[in-house]
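Engineer: Sequence:
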Amino acid sequence: WPGTGNRESFRQTFLSRRSILLWSLGTWRQNRRRYLEAMIDPTYRHIRFVRLTHQAEVDTLVRRLPLL
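Numbering (our numbering), first residue to last: -18 to 49.
Simulated from the structure, these hints should not be mistaken for laboratory data.
For glycine and all other residues, C-beta sits at the position ideal for the given N, C-alpha and C.
Mixed in with the good hints, there may be bad ones.
Stated by the list, open to error - Here are the simulated distance ranges between beta carbons:
| no. | residue 1 | residue 2 | range |
| --- | --- | --- | --- |
| 1 | 12 | 38 | 18 to 24 Å |
| 2 | 26 | -13 | 19 to 25 Å |
| 3 | 16 | -11 | 22 to 28 Å |
| 4 | 44 | 20 | 22 to 28 Å |
| 5 | 21 | -12 | 37 to 43 Å |
| 6 | -9 | 31 | 19 to 25 Å |
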């Protein structure tokens, strides 16, 4: 992003304690559980969740999306 000063080194991205990659690896199980619970919670029944578990499902969804 030119002009924003938004830069991260390889070390910051992959090796620091604040790395988004390390955060995602450390929290994926908790987040997965949280979203699965939200999908069955009546509080969120107004939300249409789309859960894709196979690459073929992703491919089908992408093909069906309207072009922007």
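Engineer: It remains to establish, for every hint, whether it holds in the given structure.
Structural biologist: Hint-by-hint comparison with the structure:
no.	hint	in the structure
1	12 to 38: 18 to 24 Å	20 Å, holds
2	26 to -13: 19 to 25 Å	38 Å, violated
3	16 to -11: 22 to 28 Å	27 Å, holds
4	44 to 20: 22 to 28 Å	24 Å, holds
5	21 to -12: 37 to 43 Å	42 Å, holds
6	-9 to 31: 19 to 25 Å	34 Å, violated
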